[in-house]
Structures are given as C-alpha cells and as structure tokens.
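Engineer: The residues making up each chain are set out below.
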Amino acid sequence: MNPEEMPEQEHLPKPTVWPIGFAIGIAVVLVGLIVDPTYIAPVGALIAIVFGVLWARAATSELRGRTTAIEPERREAQVAPAAVSGDGAQPAGERFPRNKFLELSTLGLGGVIGGLVTVPIAGFAVLPSFLGQKHHRTDLGPVSDFAEGQWYISTFMTDPAEGEVSRRTAFVRNNGTTTVEGKAEPSFTIISNHCAHLGCPVQANGPTGAILGMKTISEHTVSGPIKLEPVVPAGFGCPCHGGQYDTEGNRTAGPPVRALDRYAFEIINGRLILLGTFSVAHVDGTGAQAQIHKYKSVGPGEHVDGWEQILYPINPPHN
Amino acid sequence: MAVTRRPPTKSEVRKQQMMAAVNFPLDWLEERSGLIGGVKYFLFRKVPSDTNWMQTLGSATLTAFIVQAVTGVILAMYYKPTPGDAYSSIQNITDHVTMGWLVRGMHKWGASVFIILMFLHMGRVFLFGAYKYPRELNWVVGVLLLLMGMLEGFTGYLLPWDQTAYWATVVGINLNGTAPFLGPWLAQFLRGGQEIGADTLTRFYSMHMLLIPGAIIGLILLHLYLVVRLGVTSPPWSKEEAGRERVDGDGSRPLPSGLTKPVARGAGGAK
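These protein sequence lines map, in sequence, to chains W and H.
Okay, so the first sequence: first residue is 1 according to my numbering, each after it adds one.
Okay, so the second sequence: first residue is 320 according to my numbering, each after it adds one.
Fair warning: there could be bad hints in the mix.
With beta-carbon atoms standing in for the labels, derived distance ranges [stated by the list, open to error]: (1) SER378(H) - LYS294(W): 51 to 59 Å; (2) SER378(H) - ALA58(W): 52 to 60 Å; (3) VAL358(H) - ILE20(W): 30 to 38 Å; (4) LEU530(H) - ASN99(W): 35 to 43 Å; (5) VAL386(H) - ARG95(W): 53 to 61 Å; (6) THR401(H) - PRO255(W): 29 to 37 Å; (7) LEU466(H) - ARG167(W): 28 to 36 Å; (8) GLY176(W) - GLY403(H): 51 to 59 Å; (9) LEU470(H) - THR106(W): 44 to 52 Å.
Negatives, chain H to chain W, calculated, CB over 10 Å [what the hints assert, rightly or not]: (10) MET338; (11) TRP504; (12) GLY511.
Sample of chain W residues facing chain H (criterion: CB under 8 Å; computed from the structure) [to be verified]: (13) VAL126; (14) GLN133; (15) ALA161; (16) GLU164; (17) GLY199; (18) HIS282; (19) PRO300; (20) GLY301; (21) GLU302.
Everything labelled a hint here was simulated from the structure, so no lab data went into it.
Glycine included, C-beta positions come from ideal geometry on N, C-alpha and C.
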C-alpha cells in the first residue's frame, strides 16, 4: 500500500474513561486495606471489577464485533484425480510422510533429553532448601547459671561446625518452678531476638552487665562457647524499623505483626537445652503463669492469627 | 576518447598495496562468514533525521552493563564467597591488590549508574511514546531487564558480607517472605534453608555472577534485535508525519517478514 493512503492510527484503540474508574477502584482497595478492610476495601474491589469489565469490553469491542469469513474446504478436488486415474499405482499422498516422522521424532527426542537433564538440575537447585533441614540442639550450660527472675542475653552457635554465621541470640529468664499436674517443673522464658517484623536483631531496652555490677557468665559446652550477659530489660526494641515489645515478647508498638518467637527447651541432667523455635501470636500473663498462644514456626512478618493468616496457607517444612 | 595511461607513481602503488593489505583479511572474513556485512547492517542503520541525544541513553545503559560485566569478572578472581573469607577478601581487594580499589569502586558505583541509566532510558521511551505499536514487546523486554538489574543489585549487596550487607539481606529476604501464598517458599529458596548461612552467600554469588547476567545478556540481544528490526522512533516534536517510511518507503525494499505495511517510524509526529 502506498504510505500516502495508509489509514492513520488504525492500531490505536479508542480512548475510554474506564481505565480511570479502574484505577480509582484499585486506589480505594489500597486505602481500604489500611483504613477499613471489611467495608471500604470490598467497595473498591467492586468498583475495580465493574470498571475493569467495562474496560475489557471497550478494548475488545472491535474484535468481538468482527465476523470471520471462513473459506469452504475443497477436499473433493484433491481426491478426484486419484479416482480418475483409476489404476491406484499413485496414492493421493502419503498418510504419514517420512519428513513428518523425522521432524516429530527429532522434537520428541530433544524434548526427552532436555527433560531428563532439566529435572535433576531443577531439583538440585530447589529441593535442598526445603529437605533435610537440620534440627539444632544447643546446650546452654547448667541451670544453676541462671539466677531466678534474672534476664540474660545469651549468645550461642546453633551449629559450631558452620561457625560464626550460625551465632544466635536469645533472652532467657529463669521463672523458677511451676506446678504442672501436681509435679514441680522448671519454667524458663526464652525469647528469640529475631524481630517478628522482618527479622532484624531485637535489643533489650535496659542496663546490662557492667552497669548492674553483675558478671557476664562464660561457659564452654558441647555446643561451643556460650555467653550469658545479665540484663534488666523494660522491654525489647528493634533498631531497624522501631518495633517494640514488652518483656513477654508481646508487640507494644511499631510494625511487627505478632509477638516475638520463643525457643522450645528441655532440661537434661540439670542442663538447659535449646530446641527449635515456635511462633507466638500473643502471651497472656507473665513468667511461669504465662499463657502462650503458640503456633508452628513461621517467617518474620507472617500473621499466625486473625484473618490475614489465610494469606499463608502452606508454610515450607520448618523445625 | 583516448584515455592516457601513465604508470602509477611510487606513492600510488604503495597506497594500492596498503588498501589491498587491509582489504584482504576483511574480504577473507566476509566471504567465509558474512560478518562484515552483518556488522555494517547492525551499525550503519538509517535513523530518523531528528534523533535526539536522549536516544543515546539505551547505549549508555548497555555500556554501564558492559563495565559491570568486565569489572565483575576481574573481582571474581580475588573474591572468596565463604562466610569466613568474604569480608577479608574484599578488604584485600580494596587495600592490597594493585588497582583493586579502582575496579571495586567502578563495580560498586557503576551498579548505581546502571540502575539510574535504566530508569532514565525508560523515562525517555515513555515520554517519546516509543513503547507504542509496534514496539510494545520491546517495552516488555525492557521491563524484564529492569527487573533483572534490580535482582543484580539485591544479590550483589550481600557479597561484601559486612553488617549492612547481612542485615539488608535478612530484611530483603524476609520482605519476599511476607508475600502471600508462595512468599515463605520463595524466602526459603533464596536463603537456601531456614537461616541465612554459607549456602545463602554462595547461592547469591552464583545468581549474581552467572544466572542473572546470563539472563540479562539474552534479554539485551532480544532488545537490540527488536530495535534493529523496528527502527528508532523519532521524537514527539518531529516534523515528519507518523506512519511513514522515511527513506525506503517507495517500495524498493521488501518489508520485514510479518509486516503488511511500513513500520511507523514517527510515533507522534505533528500532522
């Protein structure tokens, strides 16, 4: 076609106002999620859906309006010559030509080889992150190191073979003994220092060791060197984004979505053994009488209760 | 008319011999590979007469990427991606390896230059309307390139293995972890396990220097192929009319396969 005669702007759809309505709907959803998720957000979603449908209709109107002309098939015309020739020596066409077979077999074989190579490689890239995760047991030393009612910032390595990169911190308080089903059981509050917002290291808000005139305890156990620094915390605070927690790990301010994680523990031969962590929605009461709303360990920033928990239906295997 | 022939002078002979010496290897290569013609086709394209300095931002971004690639390869010769050695090997590069401070500086600051240039290039394409038909696909490829560039920034940030690097990566991975449904799985995949450790460092290193640069190179080739195929857009203030072939519109040159009419060179020219 001569460029002079070309229709201008054939490919531009007609401008409509629907995208603006759609954008407003999305904006209302976002504002609603912050202000009032139960009422304003669904209204925004409704606006977005209605205008989105109108937009899609307007954008495809040209396509939907057009009818496609279909050429009639003319199969007889091809069959006829073979019938006319009559002798049957020359078939109308090979049913399965050799080049078609070679083409398909090359593609098929290539696909099989590609698949055989890709599957183990992809598995090697992805699966080790999820399978065979180590369970850590950390010996924090004799229970007698922990004075009753005193907080300690304890630092330890979960995997001494891996070195400093496995160094972790927990806040430990010996609550004395509590009576469970008629038996006297030792009680400890052991709070992980991983912020429940995005995993930064939470700090104890309060004076430590030297200021208190108390000595930092060093132990060498099967889990490597352990340090126990006495502290009197008014709570815990995160330096990254300002999350604040009380001494039971309940969120008091800032962006965290739940309380601080805790370590499970057991006491064997009078020694405090740390096991894996578990997540906590919130804690009622304090110390030995605390009622902990515990959940399986999940990542920072994940809700474990409330309606938001539906956003994280399946978590990766975790200790 | 009789042509008077005189024997060539000595300097003319020398000039001819020089030309023959230069042309011989080029002709040899062209005859066997067609590469000379290919490079000429790629470099000496017809562009609108009123192209703008803003349209060099894409080439500038490519240059920034090449600088990152070259300096990165050299840094990889000295860097050790293990928790025990990473930080000290970077100190060694900065303080002891000859010119190490310069190459590391180029890589560190060049990373920001790369990202900034990508955004400027993107802004230019947007403001010139150069993403419109038939170049929509190139916009999509460009967005993927932007994504890959950001991933390079994210994975490269961990490698110095200092406090900033470590905690920024903790926060970055956990941010990914808060994405609904697959977030926790993505975070654990990035970490290479439940906790950040030696595996995280090596896998970030591998992604940073092998996986993502490979993807970027592939996407750049696709990006350039589309630029060559579709031509350069003239600026919005161009006096040329939209939808016209500039030079070869007389039908003397066959259209690229798949196109039924000459490609719109000017995206929004005045009528």
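Engineer: Each hint needs a verdict: does it hold in this structure or not?
Structural biologist: Comparing the hints with the structure gives:
With their beta carbons about 58 Å apart, SER378(H) and LYS294(W) fall inside the hinted range of 51 to 59 Å. Range check, SER378(H) to ALA58(W): about 39 Å between beta-carbon atoms, so the 52 to 60 Å window is missed. Checked against the given bound of 30 to 38 Å, the beta carbons of VAL358(H) and ILE20(W), roughly 48 Å apart, lie outside it. Evaluation of the 35 to 43 Å hint for LEU530(H) and ASN99(W) yields a pass: the beta carbon distance comes to about 38 Å.
Restraint check, VAL386(H) to ARG95(W): a C-beta distance of roughly 60 Å satisfies the suggested window 53 to 61 Å. A C-beta distance of roughly 34 Å is found between THR401(H) and PRO255(W), which places it inside the suggested range of 29 to 37 Å. Hint check: LEU466(H) to ARG167(W), Cβ distance near 34 Å, so the stated range 28 to 36 Å holds. Separation of GLY176(W) from GLY403(H) is about 41 Å and departs from the stated range, judged on CB atoms against 51 to 59 Å.
For LEU470(H) and THR106(W), the Cβ-Cβ distance of about 35 Å falls outside the hinted range of 44 to 52 Å, so the restraint is violated. Distance check for MET338(H) against chain W: the nearest CB is about 41 Å away, which clears 10 Å, and the non-interface claim stands. A beta-carbon of chain W is positioned within 10 Å of the beta-carbon of TRP504(H); the least distance is around 5 Å. The claim that GLY511(H) is not at the interface with chain W is violated, since a C-beta of that chain comes within 10 Å of its own (minimum 5 Å).
For VAL126(W), the suggested interface contact is upheld, since its CB lies about 6 Å from the closest CB of chain H, less than 8 Å. Here the hint on GLN133(W) is kept, as its CB sits about 6 Å from the closest CB of chain H, short of 8 Å. The interface hint given for ALA161(W) is violated, since its Cβ lies 10 Å from the closest Cβ of chain H, which is over the 8 Å cut-off. The criterion of a C-beta within 8 Å of any C-beta in chain H is met by GLU164(W), whose closest approach is roughly 7 Å, and the hint holds.
At its closest, the beta carbon of GLY199(W) sits 4 Å from a beta carbon of chain H; the interface hint therefore holds under the 8 Å criterion. Against a cut-off of 8 Å between C-beta atoms, the interface hint on HIS282(W) is violated, since the closest Cβ of chain H lies about 19 Å away. Of the supplied interface hints, the one on PRO300(W) holds, with its beta-carbon coming within about 5 Å of a beta-carbon of chain H, less than 8 Å. The interface hint given for GLY301(W) holds, since its Cβ lies 4 Å from the closest Cβ of chain H, which is under the 8 Å cut-off.
Because the beta carbon of GLU302(W) sits about 6 Å from the nearest beta carbon in chain H, less than 8 Å, this interface hint is met.
This entry does not satisfy hints 2, 3, 8, 9, 11, 12, 15 and 18, going by the numbered hints stated previously.
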